[in-house]
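Colleague: For reference, the chains in residue letters:
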Amino acid sequence: MNKVLMKGNEAIGEAAIRAGCLNYFAYPITPQSEVAEYLSKRMPEVGGVFLQGESEVAVSYMIFGAAACGERVFTTSSSPGISLMSEGISYIVGAECPAVFVNIMRGGPGLGGILPSQADYLQATKGIGHGDCRLLVMAPASVQEAVEMVMMAFPLAEKYRNPVIILGDGLIGQMMEPVVFPDHLKSAPSNKDDWATSGMETRKSNKRNLVKSLYLDPEALNAHNLKLKAKYDRMKEEEIRYVTYNTEGDYSVLIVSYGTMSRVCRSALESLKTQGLEVALVRPQTLFPFPEKAVFDAASKESCRHVLSVEMSMGQMVEDIERSVQGKRPVSWYGKCGGEVPTPEEVMDAVKDLMRT
Amino acid sequence: MAKTFLKPKCLSDQETHYCPGCTHGIIHRLVAEAIDALGIAGRTVGIAPVGCAVICYNYFTFDFQEAAHGRAPAMATGIKRVRPDLMVFTYQGDGDLASIGMGEIVHAANRGEKFTTVFVNNAVYGMTGGQMAPTTMPDQKTTTTPFGRRVEEVGMPVRMAELLATLSTPGYISRQAVLAPKYVLRAKKAIRKAFQYQMENRCFSFVEVISTCPTNWGMTPTEAIDWAQKTMLPYYPLGDLKTPEPVKEG
Ligand SMILES: Cc1ncc(C[n+]2csc(CCOP(=O)(O)OP(=O)(O)O)c2C)c(N)n1
Ligand code: SF4
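Heads up: the sequence lines are chains B and U, in that order. Each position in the first sequence, counted from 1, maps to that position plus 16 in our numbering. Each position in the second sequence, counted from 1, maps to that position plus 1145 in our numbering.
I should point out that these hints are in silico values taken from the structure, not numbers from a laboratory. Note that this is a predicted model, so its numbers are computed, not measured. Keep in mind that the hints are not guaranteed to be accurate.
Stated by the list, open to error - From the derived model, a few chain B residues whose C-beta atoms are all more than 10 Å from chain U: (1) 198; (2) 228; (3) 234; (4) 239; (5) 244; (6) 312; (7) 359; (8) 371.
What the hints assert, rightly or not - Below, a list of computed lysine to any residue pairs in the SDA-like style, where the Cα atoms sit at most 20 Å apart: (9) U:1152 with B:222; (10) U:1334 with U:1183; (11) B:228 with U:1161; (12) B:220 with U:1181; (13) B:228 with U:1188; (14) B:223 with U:1184.
Beta carbons: idealized from backbone N, C-alpha and C, even for Gly.
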């Protein structure tokens, strides 16, 4: 396995190809247009499909149409673009098609800014589309992890017949880091003959397939939603991923942080350690399903007095943390949401402020 | 006794949900006949719109996808790009295609996507109860133009076929009607031609079909046919507006 130095956005594009996805539709938006630029060259080299759609709305339906044929397909965008894709995402969930979306988040609301942000947490985890619609949400903290998550996302989307979204902040897209594309994460597309509209001749079948999300009969729609819920419940059983740091010994503050922000928190944690101040960190790698038990366990440590959510949003993850902690510890928030990444020193100050209370 | 009138193979036996006198059924039949004639049902994927034809897949026997309102051309694009060997058509109403989905159809046509669109122009939103469509005629009363369409407020009806024919990308753009047998025969030819162009991987193909919605026009089926002939045909002239063939001089 060769190590190569790559910009996050390009590595994300390459990872999809390495994962066996040769179909990409997208609309340009900062800070992730490099994915499209990269794939516009790369897809023709590997005999894949690259198409710049006329809008994110259209792109989400190009994804839908291709996914409904049983082909691996993905797109990348940033916050305002994901809002436009929200309609299509809901239809894809309703029609139970696998697809992969990447959101390299920028600041909002509205046009917001083009600098890194994590302000689409609630959108991704709770409100990605109308109806009882959920995506598996993965949040990488490095370019390497972004690569791995993209590669994992395709078989996961197929396992659940449900889209997966990778939620990265702008830094993940813009950073240059050494990466490897792990061979063991390559996967063959699953057999989709029992549902995909791949053409009856292709399947050598005279049973036609229908991909739809309309259920006019209330009982049928309820049953359909129960089926979707069972998938989300299964994700909670089988897909929760997280990493803990410094949870073995005693600590008075537990930080919960994900993505690039969690790396800053780790630096802060190390520096605080040299000052004799112990802090633990839980880094969710999946945001939905949320690592509730890991956060609960870490917060339940006898010595732990505070839980601090550190994020580049105005505290959107706090509710999930509170839910996990179940009132055992107070949960507070520190963060910035204009595009500046809080420094380790700022995180240390926030932790020290908490320790004083 | 020999049967002289057969149901196309790729149409199911199911009774349709369309109102009496609705022309959707005729257009379904024309699509099915074209698909049968070309022998392509086994590699065809239809895309149902949001509109009265949303469950048209109940009447066809091959693969189908159900779109969101107006987005069928983007879905068709997705399919054709990843599976160019499949035959793909969208079936869309005038609210679906000319209003909410205007962007998707124009760009798909302009990219020259190799799929076929059957565009049912019945001058209203049928499914939601007869509201104004972009194709509603001047002074036509609908449930949202109780005093008739005021063109000084909402503009003139959109002529989709003409609009798409202005694009420089080659395409097959035709307008037909199903208001009398002679029109139906021509429409049948055009729809078949549209699929043929797709089969040959030539171009985007589009057939607008002037149709009726007796229910929402508040007319009997025959009154609706008369009204469409008198009111719609002069504004929406029939025929091929554009073909991918080189233009013959003189
Ligand atoms: C995003 C969205 N907006 C609105 C609707 C409601 N809606 C359903 S069908 C329809 C109009 C359909 O009219 P048309 O396309 O003319 O087809 P027809 O029913 O006349 O065949 C509308 C507005 C919807 N389903 N989705
Ligand atoms: S409402 Fe109009 S378009 Fe819809 S089925 Fe009835 S007649 Fe046809």
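Colleague: State for each hint whether it applies.
Modeller: Cross-check of the supplied hints:
| no. | hint | verdict |
| --- | --- | --- |
| 1 | 198 | 26 Å, holds |
| 2 | 228 | 4 Å, violated |
| 3 | 234 | 16 Å, holds |
| 4 | 239 | 18 Å, holds |
| 5 | 244 | 16 Å, holds |
| 6 | 312 | 39 Å, holds |
| 7 | 359 | 43 Å, holds |
| 8 | 371 | 51 Å, holds |
| 9 | U:1152 with B:222 | 18 Å, holds |
| 10 | U:1334 with U:1183 | 12 Å, holds |
| 11 | B:228 with U:1161 | 18 Å, holds |
| 12 | B:220 with U:1181 | 18 Å, holds |
| 13 | B:228 with U:1188 | 19 Å, holds |
| 14 | B:223 with U:1184 | 17 Å, holds |
Checked against the numbered hints above, the structure breaks only hint 2 and satisfies the rest.
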